[in-house]
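So the sequence lines, in the order shown, correspond to chains A and B.
The working numbering applies: residue 91 is where the first sequence begins, and numbers increase by one.
The working numbering applies: residue 91 is where the second sequence begins, and numbers increase by one.
These aren't lab readings, by the way, just hints derived from the structure by calculation.
All of these numbers come straight from a predicted model, not from anything done at the bench.
Honestly, I wouldn't trust all of these hints.
For identical chains, the list gives no copy identity; a pair is met inside one copy or between any two copies.
[Said to hold, decoys possible] In silico DSS-like cross-links for lysine-lysine, where the CA-CA straight-line distance does not exceed 30 Å:
| no. | residue 1 | residue 2 |
| --- | --- | --- |
| 1 | K320 | K488 |
| 2 | K384 | K106 |
| 3 | K488 | K384 |
| 4 | K384 | K332 |
| 5 | K384 | K320 |
| 6 | K221 | K320 |
| 7 | K320 | K225 |
| 8 | K332 | K106 |
| 9 | K221 | K384 |
Chain by chain, the residues:
There are 2 protein chains.
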Amino acid sequence: MDLDLARLLARPAETKIVLLVLDGLGGLSHPQTRRTELQTARTPHLNRLAAQSDLGLTVPVAPGVTPGSGPGHLALFGYDPLMFEVGRGVLEAVGIDFALVPEDVAVRGNFCTLARDDAITDRRAGRIATKRAQKLVERLRTIDVGPAIEVFVEPVREHRFVLVLRGPDLDARVSETDPQRLGVAPLRSEPLHPSALATAQAINQFCDGARRQLTDAAPANGLLLRGIAKLPQLPQLEDVWKIQAASAAIYPMYRGLARLAGMTALGRPASFDEQVTALRQHWDAYDYFFVHYKSTDTAGEDGDFDAKVAAIEELDRQLPVLLDLEPDVLGVAGDHATPAILAAHSWHSVPFLLHSPYTRPDPRATFDELSCAHGSLGTFPAAAVMPFLMAHASRLSKYGA
Amino acid sequence: MDLDLARLLARPAETKIVLLVLDGLGGLSHPQTRRTELQTARTPHLNRLAAQSDLGLTVPVAPGVTPGSGPGHLALFGYDPLMFEVGRGVLEAVGIDFALVPEDVAVRGNFCTLARDDAITDRRAGRIATKRAQKLVERLRTIDVGPAIEVFVEPVREHRFVLVLRGPDLDARVSETDPQRLGVAPLRSEPLHPSALATAQAINQFCDGARRQLTDAAPANGLLLRGIAKLPQLPQLEDVWKIQAASAAIYPMYRGLARLAGMTALGRPASFDEQVTALRQHWDAYDYFFVHYKSTDTAGEDGDFDAKVAAIEELDRQLPVLLDLEPDVLGVAGDHATPAILAAHSWHSVPFLLHSPYTRPDPRATFDELSCAHGSLGTFPAAAVMPFLMAHASRLSKYGA
Numbered sequence: 091m092d093l094d095l096a097r098l099l100a101r102p103a104e105t106k107i108v109l110l111v112l113d114g115l116g117g118l119s120h121p122q123t124r125r126t127e128l129q130t131a132r133t134p135h136l137n138r139l140a141a142q143s144d145l146g147l148t149v150p151v152a153p154g155v156t157p158g159s160g161p162g163h164l165a166l167f168g169y170d171p172l173m174f175e176v177g178r179g180v181l182e183a184v185g186i187d188f189a190l191v192p193e194d195v196a197v198r199g200n201f202c203t204l205a206r207d208d209a210i211t212d213r214r215a216g217r218i219a220t221k222r223a224q225k226l227v228e229r230l231r232t233i234d235v236g237p238a239i240e241v242f243v244e245p246v247r248e249h250r251f252v253l254v255l256r257g258p259d260l261d262a263r264v265s266e267t268d269p270q271r272l273g274v275a276p277l278r279s280e281p282l283h284p285s286a287l288a289t290a291q292a293i294n295q296f297c298d299g300a301r302r303q304l305t306d307a308a309p310a311n312g313l314l315l316r317g318i319a320k321l322p323q324l325p326q327l328e329d330v331w332k333i334q335a336a337s338a339a340i341y342p343m344y345r346g347l348a349r350l351a352g353m354t355a356l357g358r359p360a361s362f363d364e365q366v367t368a369l370r371q372h373w374d375a376y377d378y379f380f381v382h383y384k385s386t387d388t389a390g391e392d393g394d395f396d397a398k399v400a401a402i403e404e405l406d407r408q409l410p411v412l413l414d415l416e417p418d419v420l421g422v423a424g425d426h427a428t429p430a431i432l433a434a435h436s437w438h439s440v441p442f443l444l445h446s447p448y449t450r451p452d453p454r455a456t457f458d459e460l461s462c463a464h465g466s467l468g469t470f471p472a473a474a475v476m477p478f479l480m481a482h483a484s485r486l487s488k489y490g491a
Numbered sequence: 091m092d093l094d095l096a097r098l099l100a101r102p103a104e105t106k107i108v109l110l111v112l113d114g115l116g117g118l119s120h121p122q123t124r125r126t127e128l129q130t131a132r133t134p135h136l137n138r139l140a141a142q143s144d145l146g147l148t149v150p151v152a153p154g155v156t157p158g159s160g161p162g163h164l165a166l167f168g169y170d171p172l173m174f175e176v177g178r179g180v181l182e183a184v185g186i187d188f189a190l191v192p193e194d195v196a197v198r199g200n201f202c203t204l205a206r207d208d209a210i211t212d213r214r215a216g217r218i219a220t221k222r223a224q225k226l227v228e229r230l231r232t233i234d235v236g237p238a239i240e241v242f243v244e245p246v247r248e249h250r251f252v253l254v255l256r257g258p259d260l261d262a263r264v265s266e267t268d269p270q271r272l273g274v275a276p277l278r279s280e281p282l283h284p285s286a287l288a289t290a291q292a293i294n295q296f297c298d299g300a301r302r303q304l305t306d307a308a309p310a311n312g313l314l315l316r317g318i319a320k321l322p323q324l325p326q327l328e329d330v331w332k333i334q335a336a337s338a339a340i341y342p343m344y345r346g347l348a349r350l351a352g353m354t355a356l357g358r359p360a361s362f363d364e365q366v367t368a369l370r371q372h373w374d375a376y377d378y379f380f381v382h383y384k385s386t387d388t389a390g391e392d393g394d395f396d397a398k399v400a401a402i403e404e405l406d407r408q409l410p411v412l413l414d415l416e417p418d419v420l421g422v423a424g425d426h427a428t429p430a431i432l433a434a435h436s437w438h439s440v441p442f443l444l445h446s447p448y449t450r451p452d453p454r455a456t457f458d459e460l461s462c463a464h465g466s467l468g469t470f471p472a473a474a475v476m477p478f479l480m481a482h483a484s485r486l487s488k489y490g491a
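From just these sequences and the hints, can you work out the full model?
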């Protein structure tokens with residue numbers, strides 16, 4: 091739905107919406123059993139829900155397009171992911187609660203291992219311990235890239251950190267320094283637009299400074315920068331849909347994505363139970379709750395069919411505590427498919443379930459790709475999930491007389 | 091998919107894609123049996139494929155819109171057929187290997203029979219023999235339409251020929267001379283835009299010259315001109331999708347359409363067997379092969395339900411030689427439906443089958459309209475066939491982080 095139309099139709103109500111995102115939901119058949127991960131998993135709770143819900147398949151970006159986590163989530167939050175882009179650097183920064191301002195350029199950084207001739211020998215510096223990385227980040231904070239530019243460096247986890255450059259005339263249209271392969275030196279950042287010259291220079295100065303600061307820090311004696319981006323100007327959920335929205339996500343990136351859309355992060359839960367507890371504690375204060383479940387995607391990316399099945403079953407076991415909250419509308423969705431046989435995100439459409447008092451359930455349905463393909467919602471753009479949730483929550487008024 | 095997005099995501103791979111287009115695929119139920127042509131035909135090979143494939147229904151142009159062959163094929167090649175138009179004159183010209191240049195205006199011509207008062211008595215001049223038409227075309231080549239304009243006339247088949255006007259200031263926005271009915275005289279061409287005056291005059295001069303040249307040539311003593319058009323500037327498949335694409339089509343028009351998109355025509359095969367042989371001979375040199383099968387449409391246009399069933403069965407019998415090539419991705423599609431009970435192209439959605447290692451088959455599926463309506467791909471724009479084929483061929487990279 092066009093966001094201007096959404097602004098026109100959205101109206102407040104007393105209803106509660108929960109969107110549960112199973113990251114990488116949806117897969118492909120195991121070559122032996124010919125059953126997908128969802129078809130293989132024992133999911134009594136999801137299946138019971140499915141038989142009482144609207145089902146469908148979502149297309150995150152466009153037919154044939156494999157989405158990253160950014161576009162996959164933006165679509166579920168109601169944004170056309172081709173209109174609104176979120177750079178990886180921005181994702182990482184907001185995911186660690188770094189308060190980005192519009193002038194900032196945010197960069198995703200990796201420590202890496204460089205040989206004597208500057209050739210990269212390990213793009214992740216042996217996944218150094220987070221504690222060690224924190225020490226090295228302190229050294230990086232001392233690097234000077236010029237009088238008008240402030241430098242912030244924040245550790246994320248293991249070899250990963252965030253670099254933020256703050257200054258009046260920064261422009262993120264510069265090239266990355268990560269060549270994405272071994273045996274060559276890190277690249278120099280080049281301006282991709284005439285007005286980005288100063289930013290490329292600052293990034294290169296930062297890299298030169300880091301090379302000096304990290305000489306003795308092997309295996310973390312170099313760094314690679316990518317995902318160089320500014321904050322996207324996303325219309326905020328509250329303004330568009332007249333809802334107070336909150337997120338309960340374990341991983342920083344998903345909290346960060348939710349915050350970009352205007353959601354308040356409900357603490358830093360460390361388990362599904364803590365996520366649900368966060369919802370319960372803040373149930374009265376918000377209208378819409380985004381709950382993120384990661385392990386389905388992790389198992390899929392690892393190419394571990396059985397682990398993905400187990401992750402689905404684990405979620406299913408824990409589902410009742412979420413259902414106990416009795417939201418008026420519950421959506422179960424995925425940001426993209428991650429079929430274990432591909433060991434990667436994929437372009438396939440994603441199972442979707444919508445539970446409310448106003449659905450057209452098929453009592454024979456189960457929660458899997460095939461049932462969803464036959465579902466009452468058909469195959470539809472993921473950006474329509476938001477208006478569906480809102481409509482079922484009695485939060486959209488009639489269009490036209 | 092927007093072609094700019096396609097350019098961004100497309101990446102080379104070693105995979106082979108075959109798109110088999112059954113012209114006019116998809117029909118309507120026979121009034122007695124209540125089964126469509128596809129449901130009536132015995133198609134063991136297509137049915138076996140269907141049970142191992144993704145199925146769906148394609149919408150060639152827009153809901154309710156009946157496509158001509160041009161838009162139907164352009165959509166399957168990934169173009170929005172409402173953005174890119176191919177005039178019939180252009181189709182005919184490129185289909186006989188006429189090397190059109192951008193300044194040319196191409197026209198589809200018919201010999202016709204005129205009475206003494208110039209009224210049309212047969213719009214196809216009794217379908218005169220191709221040899222006879224060739225002789226008459228030689229006369230038409232002598233017609234002078236002015237100093238700055240070159241005239242090319244080429245026979246096509248029976249009563250059909252192509253007229254190409256070449257000159258610096260030609261503009262195809264002129265009206266046709268074919269009134270599309272009997273008992274009236276051919277029309278004068280009128281400019282439909284101020285800058286097309288000279289072109290309309292040249293066309294009328296050509297018609298006047300032809301009337302003189304053909305006085306003694308009854309039943310081919312007149313001509314009708316339509317499909318007046320310039321070459322469309324189609325982004326080429328190689329530039330957009332990073333593929334080398336080839337066509338194996340028996341009929342000139344489909345070779346021509348494919349050539350407009352940048353496909354190399356693999357000779358002039360005369361049978362399905364020769365088409366497959368052409369693919370085999372050039373298998374290593376190309377990534378994408380378009381194979382066109384005409385007789386489904388011919389039977390449909392003739393309103394011959396049984397002949398259409400037979401055409402489908404004939405294709406099914408021959409399918410194994412194509413499958414023996416073992417393409418990584420096989421699409422079976424139609425450019426539009428041609429239901430025998432309508433004896434014409436129709437607006438109905440068109441069965442589509444996609445076979446690859448990465449599908450979500452329904453083992454109970456067969457290849458017909460009903461199974462495709464329940465298929466895992468849903469109902470989708472035909473222009474998405476191309477990104478689907480590319481994604482399944484591992485030729486599209488991820489969008490966003």
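Quiz item: Looking back at the numbered hints, which does the structure fail to meet, lowest number first?
Solution: none
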